Amino acid sequence: MRQLILALLADGSGHGYDLRRTYEQKFGSVWAPTNDGQIYVTLSRLEKEGLVEFEVKPQGDRPDRKDYAMTDHGREALVRWLGEPPAPPNLRSETMLRILAAAASGLADHQVMIATARREYLDALRRVDELRDAAEDPIRSLLVESASLQLEADLKWLDVASVELGPFRKSRKGK
Amino acid sequence: MSAVAGIDLEVNEGEWIAIMGPSGSGKSTLLNLIAGLDTPDEGSIMVGGEEMSGASLTKRALFRRNKVGIVLQSLNLLADLTALQNVELPLRIAGAKRRSSSVEAMGLLMSLGIGELAHRRPDELSGGQQQRVAIARALANRPAVVLADEPTGALDRASATGVLDVLRAANLAGQTLVVVTHDHRVASHADRIVTLEDGCLI
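Heads up: the sequence lines are chains L and U, in that order. So in our numbering, spot 57 of the first sequence is number 57, and the numbers just go up one at a time. So in our numbering, spot 28 of the second sequence is number 1028, and the numbers just go up one at a time.
It is worth saying that the hints were derived from the structure and are not from the lab. All values reported here derive from a predicted model rather than from experimental measurement. Note that beta-carbon positions come from the ideal geometry of N, C-alpha and C, so glycine has one too. Check before you lean on any hint, since a few could be wrong.
Claimed, not checked - Computed, partial: chain L to chain U, Cβ under 10 Å:
(1) E47
(2) R118
(3) R119
(4) L125
(5) D129
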């Protein structure tokens, strides 16, 4: 979240509420529901580290507003992060490993595990696909597309695994 | 040897069923049986309380014309008609006026992203474009039941998204969908997924 908030501030300053709204429009709810409090906590940490600064704007009867802006130090940190080489692809999946361990050990029915995982992934895929309906922001559309393609790849793997692993045979040592 | 056997499947009105399973598992055969395009050697197919499996060819043809929209893998578009005319055809047969058929058909083609191709004939369209015309034709009459065999199969992702949205809208409007698909994104919107393997439901 840190880098994304810095990226949103690269164009100019913004107050907390605006940042929260823009963050939600572009990045929110695809991976997990956005926690509003987390945005303010992140802003506060960025400020302590000198990556952002804020100016208090009095608003008459209403509470004062904090307008945040990225510092030069923040810009350097963001550019450094953008220039890092891509992280190696994460090919490990806990679900996949459990299914394979079940098939190797015979201690749990891998086909039941595959069916359960398939239901969960299909539910997630439907939820992600429904986010597409309201995704007017191109950044958000691409984020939704990324989540959708990853889930589809996982579901294809579950199909392949279901066929390749065949029916469950209980381990003779299993109790 | 039977392509499908011992299948007991009940689809509720307004329900969306996805049929999945490996190639050759009998998915298309099952769809053809429901559509009345094939007849079962044993057992029965009931649609809307009516027995279809023993019905005459005429009765089955009328059933398809009035109640069912079908998209098969062989698209069966009429080569001498434009895309628009292909989609208008079921509306015209059902007695709709030329103008209203045209508006309805054009709306469907536009929602599938091929409005600008409305006046081309099938041989002037790509496979994916023809598939979308076939889907528009199947939905034109707003049939109670839509049967589709791999409706997103020949499509790129953006076109498949258009088809998926049209299917979702049809189902929201109360139409029953039975869709054979390998596409998990399509299946994820179904109320229920049934899986076929070697001609049997698993």
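Here's how the hints hold up against the structure:
For L/E47, the interface hint is violated, the least distance from its beta-carbon to any beta-carbon of chain U being 41 Å, above 10 Å. Because the beta carbon of L/R118 sits about 9 Å from the nearest beta carbon in chain U, less than 10 Å, this interface hint is met. With a cut of 10 Å, the hint placing L/R119 at the interface with chain U holds, because the nearest CB-to-CB distance is about 9 Å. Taken as an interface hint, L/L125 checks out: its beta carbon lies about 4 Å from the nearest beta carbon of chain U, inside 10 Å.
Interface hint at L/D129: satisfied, since its Cβ lies 6 Å from the closest Cβ of chain U, which is below the 10 Å cut-off.
Against the hints set out earlier in the document, a violation occurs for number 1 only.
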